[in-house]
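Trainee: Take the sequences, apply the hints, and build the full model.
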Amino acid sequence: MEAFEILLNASFWVAAIRIASPLIFATMGELISERAGVLNLGIEGIMTVGAFVGWFTVYAGGGLWFGVCAAALAGAAFGLLHGFLTVPLGLSQHVTGIGITLLATSLTYFSYRLLLPEVTSPPKIEAFAPFAIPVLSDIPLIGPALFAQTPLTYLAFITVGIVAWGLYRTPAGLAVRVVGENPAAVEAQGISVTLIRMAAVATGSALMAIGGAFLTMSAFNSFFFEMINGRGWICIALVVFGSWRPGKALLGAILFAAFDAYQIRLQQVAGDLVPYQVFLMLPYILSILALIAVARRATYPKALMIPYQKGER
Amino acid sequence: MSGNKSLPAHFSRRRLLKTTAAASAMLAMPGIVGGARAAALKVAAIYTVPVEQQWVSRIHKAANAAVERGDIEYVFSESTSNNDYERVMREYSEAGHDLIIGEVFAVEDAARQVAMDYPDQAFLMGSSFKPQDDTPNFAVFDNYIQDASYLSGIIAGAMTENANIGMVGGFPIPEVNRLMHAFMAGVKEMKPDATFQVAFIGSWFDPPKAKETAFAQIDAGADLLYAERFGVSDAAKERGILSVGNVIDTQADYPETVVASALWHFEPTLDTAITKVKEGSFKAEDYGIYSFMKYGGCSLAPLGTFEGKVPDEAMKLVAEREAAIKDGSFVVEINDEEPKSS
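Going down the list, the protein sequences come from chains A and B. So the first sequence is residues 1 to 313, counted in the numbering used here. So the second sequence is residues 1 to 342, counted in the numbering used here.
Honestly, the hints are just simulated from the structure, not real lab data. Keep in mind it's a predicted model, so treat the numbers as computed, not measured. Cβ coordinates follow ideal geometry from the N, Cα and C atoms, glycine included. It is possible that part of the hints are untrue.
To be verified - Some chain A residues close to chain B (C-beta under 7 Å, calculated; not the full set):
# : residue
1 : Phe225
2 : Met227
3 : Leu280
To be verified - What follows is a set of in silico ranges between Cβ atoms, one per label pair, in the way DEER data are often shown:
#  : chain 1 : residue 1 : chain 2 : residue 2 : range
4  : A       : Leu8      : B       : Thr195    : 51 to 59 Å
5  : B       : Glu238    : A       : Gly62     : 19 to 27 Å
6  : B       : Asp286    : A       : Leu102    : 21 to 29 Å
7  : B       : Asp84     : A       : Leu114    : 41 to 49 Å
8  : A       : Asp138    : B       : Phe129    : 38 to 46 Å
9  : B       : Thr305    : A       : Met305    : 55 to 63 Å
10 : A       : Arg113    : B       : Phe129    : 25 to 33 Å
11 : B       : Glu238    : A       : Met305    : 40 to 48 Å
12 : A       : Gly62     : B       : Met116    : 47 to 55 Å
As the list claims (entries may be wrong) - In silico BS3-like cross-links for lysine-lysine, where the CA-CA straight-line distance does not exceed 30 Å:
#  : chain 1 : residue 1 : chain 2 : residue 2
13 : B       : Lys42     : B       : Lys294
14 : B       : Lys42     : B       : Lys283
15 : B       : Lys61     : B       : Lys237
16 : B       : Lys294    : B       : Lys326
17 : B       : Lys309    : A       : Lys124
18 : B       : Lys61     : A       : Lys124
19 : B       : Lys309    : B       : Lys42
20 : B       : Lys61     : B       : Lys340
21 : A       : Lys124    : B       : Lys237
Mentor: What follows is the structure, given as structure tokens:
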């Protein structure tokens, strides 16, 4: 069967990992934020900011890694705004998050128009090129998929390792986890809940922005309006799919990306039999099914979306 | 205009002011003002996408050219969402613009209602529908550049070696479909048994996704891509295969891989409308024909870096068909159905 042969093709797995990379960054960002008890629906807008800032920094003459840092900083700034509104002020996290998405997206488009008023098509940059790791990239199937990607993809995987290690093996990670379960207990230890939550939201937002930057600096080499195209919302679902655990969330991101890479290829094999819309739906439908199967047992952070007021009972 | 040189130097500085100001300054010059027709037409455009988008960029370009000539004053709103479209249309109508251009593919009913409410203004809108009697001031256009797409297909047919062509589109709407069909008809002139992989990504603005889809088609054997979306030509460039452009000429960005492009020229459409509004003869018509090759509405981009690399046989057929299209002895079929993989 042709449909099955696709799965044995190395280029399919390469594509799956490539599609997964921006999702991995943003999912880790959302995960950190939610583990600290703050839902961040600003993700879609923050990814847009990251995509623009990273790309524009390089276009304006900065280095690629400098662009990534600039994107992260811009993301963190919006994270601090979201954090300020939801943590010390205790506003609705849903409403604030949507507001951040709208603000960040519009500000990005506005800045774009101010900075590039007279262009016919958005300028291109020299994006990250794939870098094959010697020996490892020669392993059949897995080699090209995991070890012949761009440096940003490697960074995505490293980020998962750091987040997992940080959350479960460091005092700061413990504080983040507890602040999402029982903030009063953290306060009792003399640690500021506000500080931990703000820091978690800012760090998470920085990662989301790098996820956005991946699209303009690695997957593609130019910035377009609306190019995030709902990827941020997918990451919200991936955090739930991963039961708020970095490893499982990584798996979810790769699974979703694999479905996406698969449907693109299936469209070529069976496109004359089934309407193309069905293929485009496929990754989402399969993800919902997977979500139902996996997330029913998920235990969400107990203090998620509950603002903490010091001294309040 | 010969008086230009004798004008004092500050005139050139004045040209740096807003184009509208410059246009009125020129009108004040003696010799140009000659009756009511000389007044610059007030034109407003409403786009649902940024002016960078290929399709809209052609309209924007034609409008700016008309401004340069002093024919019109031009203002525009970009990235107007469809649910806000009617309001913006009304604002421009209320402000007294003579001609309002735009794209109403998704807001057809609301747009026609506005046209009814402002019968004195002319509306020229990109639309998948035909002109109607109840809106005599509402004309429609679309990029009917199938002539150029067909010719680019002939070149593609000559250049593909394994006769397997990948095509990535946004959505299968008439405007996209008819160009794909014309392109495929062109390819078949050179390679009658060519196979086509057709995919749609369900978005107008997702170059990374378009690129991934193009990669998948290359993996499945395509050695030439039809680039309807941004991102496709990038995939072709990375894998070192050829691609054919659409609506705009992108060869400058991909000198090694973009072999041909079918260009859309909005100028004949807009200029006809401007003339008719000035004459007072603007009515509900289908301006689609002004995108046809015989009106200069589309053309094949110069081969540029591929000069001499396309087989003579193909270029001979292109020249032959181009002449036949222009004199009307050959008509490229207009097929709006959704193309399928073969």
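Trainee: Evaluate each hint against the coordinates.
Mentor: Evaluated hints:
Residue-level restraint check for phenylalanine 225 of chain A holds (minimum Cβ-Cβ distance to chain B is 5 Å; threshold 7 Å). Here the hint on methionine 227 of chain A is kept, as its CB sits about 5 Å from the closest CB of chain B, short of 7 Å. Interface hint status for leucine 280 of chain A: upheld, as the beta-carbon distance to the closest one in chain B is roughly 5 Å, under 7 Å. As the Cβ distance of leucine 8 of chain A to threonine 195 of chain B is approximately 22 Å, the hint placing it in 51 to 59 Å is violated.
Distance hint check: the CB atoms of glutamate 238 of chain B and glycine 62 of chain A are about 23 Å apart, consistent with the given range 19 to 27 Å. Look at aspartate 286 of chain B against leucine 102 of chain A: about 39 Å separates their beta carbons, and that is not inside 21 to 29 Å. Here the CB-CB span from aspartate 84 of chain B to leucine 114 of chain A is close to 21 Å, at odds with the stated 41 to 49 Å. A beta carbon spacing of about 58 Å between aspartate 138 of chain A and phenylalanine 129 of chain B contradicts the range 38 to 46 Å that was offered as a hint.
Evaluation of the 55 to 63 Å hint for threonine 305 of chain B and methionine 305 of chain A yields a pass: the beta carbon distance comes to about 57 Å. For the pair arginine 113 of chain A and phenylalanine 129 of chain B, the supplied restraint of 25 to 33 Å holds, since their beta-carbon distance comes to about 31 Å. Taking the beta carbon of each, glutamate 238 of chain B and methionine 305 of chain A are about 43 Å apart, inside 40 to 48 Å as hinted. At roughly 53 Å, the beta-carbon separation of glycine 62 of chain A and methionine 116 of chain B lies within the given 47 to 55 Å, and the hint holds.
For the given pair, lysine 42 of chain B sits about 28 Å from lysine 294 of chain B by alpha-carbon distance, which is consistent with the 30 Å threshold. The suggested pairing of lysine 42 of chain B with lysine 283 of chain B holds, with an alpha-carbon distance near 17 Å, which does not exceed 30 Å. For the hint pairing lysine 61 of chain B with lysine 237 of chain B, the CA-to-CA distance comes to about 27 Å; that is within 30 Å, so the pair holds. With a CA separation close to 4 Å, the supplied pair lysine 294 of chain B and lysine 326 of chain B stays within the 30 Å bound.
Only pairs whose Cα atoms come within 30 Å are accepted, and lysine 309 of chain B paired with lysine 124 of chain A is accepted, the gap being roughly 27 Å. With a CA separation close to 21 Å, the supplied pair lysine 61 of chain B and lysine 124 of chain A stays within the 30 Å bound. A threshold of 30 Å between alpha carbons decides the hint, and for lysine 309 of chain B with lysine 42 of chain B the separation of about 46 Å lies outside it, so the pair is violated. Taking the CA atoms of lysine 61 of chain B and lysine 340 of chain B, the gap is about 33 Å. The hint is violated against a cut of 30 Å.
Between lysine 124 of chain A and lysine 237 of chain B, the direct Cα distance comes to roughly 14 Å. Compliance with the 30 Å bound is thereby established for this hinted pair.
Taken one by one, the earlier hints fail for this structure at numbers 4, 6, 7, 8, 19 and 20, listed in ascending order.
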